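J.: Chain residues, written in single-letter form:
Protein chains: 2
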Amino acid sequence: MVVIAADRLERLCLAAFKAAGCPTSEAELASKFLVLANLRGHDSHGVQRVPAYIQSIKSGTIKPGAQISIVKESPSTALVDGNWGLGQATAKRCMELAIEKASKHGVGIVSVFNCNHIGRLADYAEMAIKKDMLGFLTVNVGLSGPGRPISDRGTVAPYGGGKGVLGTNPLCYGIPAGREQPIIFDMATSIWPIGKVQVARARGTRVPDGVMLDGSGKPTNNAADFFGTPRGALLPFGGMVAYKGYGLALVVDILSGALSGFGTGLRAHTNGTFMMALNISYFQPIEEFKAEVDRLIKDCKGIPIYEGFVGIHGEKEVLVPGDPERMLEEKYRKEGVYVDEPTWDQLISTAKSFGIDPDKV
Amino acid sequence: MVVIAADRLERLCLAAFKAAGCPTSEAELASKFLVLANLRGHDSHGVQRVPAYIQSIKSGTIKPGAQISIVKESPSTALVDGNWGLGQATAKRCMELAIEKASKHGVGIVSVFNCNHIGRLADYAEMAIKKDMLGFLTVNVGLSGPGRPISDRGTVAPYGGGKGVLGTNPLCYGIPAGREQPIIFDMATSIWPIGKVQVARARGTRVPDGVMLDGSGKPTNNAADFFGTPRGALLPFGGMVAYKGYGLALVVDILSGALSGFGTGLRAHTNGTFMMALNISYFQPIEEFKAEVDRLIKDCKGIPIYEGFVGIHGEKEVLVPGDPERMLEEKYRKEGVYVDEPTWDQLISTAKSFGIDPDKV
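These protein sequence lines map, in sequence, to chains F and E.
With my numbering, the residue at position 316 of the first sequence is 316, and numbering never jumps.
With my numbering, the residue at position 15 of the second sequence is 15, and numbering never jumps.
Honestly, the hints are just simulated from the structure, not real lab data.
Any given hint might turn out to be false.
Identical copies look the same in the list; a pair holds intra-copy or inter-copy alike.
Calculated lysine-lysine pairs in the DSBU-like style (CA-CA distance at most 30 Å, straight line) [claimed, not checked]:
(1) K130 <-> K72
(2) K104 <-> K92
(3) K360 <-> K218
(4) K196 <-> K301
(5) K18 <-> K316
(6) K331 <-> K32
(7) K218 <-> K352
(8) K301 <-> K218
(9) K360 <-> K131
(10) K218 <-> K298
(11) K316 <-> K218
(12) K218 <-> K58
(13) K63 <-> K334
(14) K334 <-> K32
(15) K72 <-> K298
(16) K334 <-> K72
Quantities reported herein were computed from a predicted structural model and do not represent experimental measurements.
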């Protein structure tokens with residue numbers, strides 16, 4: 001691990017994106033959101049993506065500076081062509097559109113196609129929170145795409161199915177609170193993210209039962225099986241009731257990929273996106289709503305943990321969604337961001353390939 | 001078990017609701033939806049509810065014939081006072097309102113308070129499907145209510161928490177398909193419904209690990225502990241990632257109980273309700289959308305199951321949400337509905353208390 005100050009990491013990404021041809025505002029946005037993902041403990045959506053993004057810019061899959069086009073619109077809805085711009089720029093502009101609609105009409109729903117990887121959904125849900133609105137997003141995540149054939153398997157198996165058909169298909173809710181911190185709930189509908197399988201493979205640790213199938217459709221505890229030929233599959237989340245995670249994955253696929261026309265299942269592209277901003281003041285006075293959310297958070301945090309509980313983040317207390325990320329961000333802002341060496345090496349060589357001196361950013 | 005023809009069961013319920021003072025249309029609606037729950041395998045939301053509904057009518061908690069009042073409205077949104085009408089009548093009227101708004105403006109969102117138990121959410125999502133729309137509903141489920149103090153514990157524990165704070169807080173999506181059957185996905189955010197705990201207690205079977213806590217906050221395998229004093233708690237669904245089920249339960253609580261002002265967490269009443277109808281044609285031509293949903297369903301159903309898989313419904317194939325209910329309905333329409341004896345006895349005595357001869361309905 002290499003420990004890098006967050007602002008230095010951001011400057012390094014910024015320089016690379018600008019050198020690759022991104023307008024400054026886009027380079028700043030992508031750098032900010034990618035480093036924020038590391039700060040909040042979601043390294044899979046962090047700076048490790050920079051080389052791939054830059055490769056996509058070079059190959060023409062990401063078109064820096066591309067503007068969105070509104071294809072179909074009503075006061076509360078819009079269908080948007082992302083025109084293959086940088087995903088973060090597309091998503092930010094579309095969430096602004098949803099928020100504008102919700103400001104004037106109570107709710108704004110925006111469905112997006114021709115959209116690259118947009119990063120963590122939480123970043124856009126937070127835009128709604130800042131306007132005292134409730135934000136909801138889904139993306140489907142596919143292996144098909146421009147210049148690639150329809151994939152014969154996806155990443156996540158349907159409940160009971162022996163191979164992957166679906167993506168990790170995350171959903172995210174952002175909910176403003178009053179004195180408490182907002183609820184920011186961003187989850188994949190698969191039991192594990194792919195990043196966790198990569199870590200298990202690198203460390204050679206045993207994958208628990210109920211997480212993975214190998215390429216022939218058999219349950220396996222070996223992370224390497226996921227990356228075999230044919231590719232293995234993750235299971236939907238839910239454990240003994242994994243049909244619930246599967247159902248959510250289907251819903252996310254349809255909201256993201258069928259409503260946008262971008263494709264679902266084996267035909268899913270990078271990120272078909274569904275966004276909603278809901279104007280709380282159309283229902284309740286915002287201060288009353290926030291006070292109720294505060295009470296609910298206190299209801300949950302006010303109770304003792306059960307005997308022997310240790311949470312997935314190592315916590316020994318009841319948290320609400322968004323807390324683990326806030327705790328990590330506080331720590332990493334002070335200590336610096338922990339970047340694994342292969343990622344750091346790739347970042348450095350990407351920067352150098354543009355003639356950037358990594359020690360001088 | 002007693003086996004009763006569905007239409008006879010419906011006539012018996014109808015006669016009882018009419019005798020209790022429900023207008024015919026409401027008595028028909030409640031009877032239809034309660035029997036439909038049995039037909040589709042969700043006995044907890046079936047005719048076993050009839051005696052309690054009638055008790056609530058007698059005590060004034062359910063007010064037959066009460067009409068909804070729209071408190072606040074915009075073209076795409078409404079806040080509705082259910083005025084404590086029969087829950088099914090309130091919810092049907094509110095879903096009609098959401099659909100009307102979506103017909104004219106692309107989306108309709110309705111938030112409802114002063115609302116009794118509305119039954120299975122799937123029934124209202126199907127109303128949207130029939131209009132070629134996507135339906136989404138949530139309700140929170142609380143133990144507080146008119147004439148009852150704020151409860152000191154709920155049914156479902158937060159992730160890691162030693163006592164219940166939340167309800168079983170279900171959510172439901174209904175999505176129209178083309179040649180395939182629609183996706184109807186109605187799930188509780190708890191790992192088990194209370195009905196399943198009741199069955200385990202009655203049969204004395206061991207509850208698996210990861211399902212329940214006793215009243216002192218310790219994990220337990222004894223169903224009776226759930227009904228002890230103090231009351232035990234169910235865990236949120238998700239198994240090793242139960243923080244995901246917990247996050248969804250919080251979101252459902254807020255959408256249902258904070259947006260409506262009806263209360264969340266320990267302050268939650270019967271059913272605060274959130275409903276959305278989304279007009280697909282504002283985004284895609286409906287036939288193209290349906291064709292894509294069909295392709296996704298075929299993607300999932302077209303793959304073999306993994307070695308050793310037997311689904312929670314006993315199935316040995318990949319299904320989509322809505323399939324298990326359709327399979328049961330087909331069977332029970334032919335064979336009759338299986339009603340457990342205590343429920344049947346209560347139904348009979350309820351009918352007789354109104355002078356209804358159960359053999360002549």
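J.: Against each hint, give a clear statement of whether it holds in the structure.
T.: Hints, one by one, checked against the model:
no.: 1; hint: K130 <-> K72; result: both (27 Å within a copy, 24 Å between copies)
no.: 2; hint: K104 <-> K92; result: both (19 Å within a copy, 28 Å between copies)
no.: 3; hint: K360 <-> K218; result: neither (51 Å within a copy, 56 Å between copies)
no.: 4; hint: K196 <-> K301; result: both (28 Å within a copy, 28 Å between copies)
no.: 5; hint: K18 <-> K316; result: neither (43 Å within a copy, 54 Å between copies)
no.: 6; hint: K331 <-> K32; result: within (17 Å within a copy, 57 Å between copies)
no.: 7; hint: K218 <-> K352; result: neither (44 Å within a copy, 57 Å between copies)
no.: 8; hint: K301 <-> K218; result: between (40 Å within a copy, 18 Å between copies)
no.: 9; hint: K360 <-> K131; result: neither (38 Å within a copy, 61 Å between copies)
no.: 10; hint: K218 <-> K298; result: between (44 Å within a copy, 21 Å between copies)
no.: 11; hint: K316 <-> K218; result: between (35 Å within a copy, 15 Å between copies)
no.: 12; hint: K218 <-> K58; result: neither (39 Å within a copy, 57 Å between copies)
no.: 13; hint: K63 <-> K334; result: neither (35 Å within a copy, 59 Å between copies)
no.: 14; hint: K334 <-> K32; result: within (17 Å within a copy, 61 Å between copies)
no.: 15; hint: K72 <-> K298; result: between (43 Å within a copy, 29 Å between copies)
no.: 16; hint: K334 <-> K72; result: neither (46 Å within a copy, 47 Å between copies)
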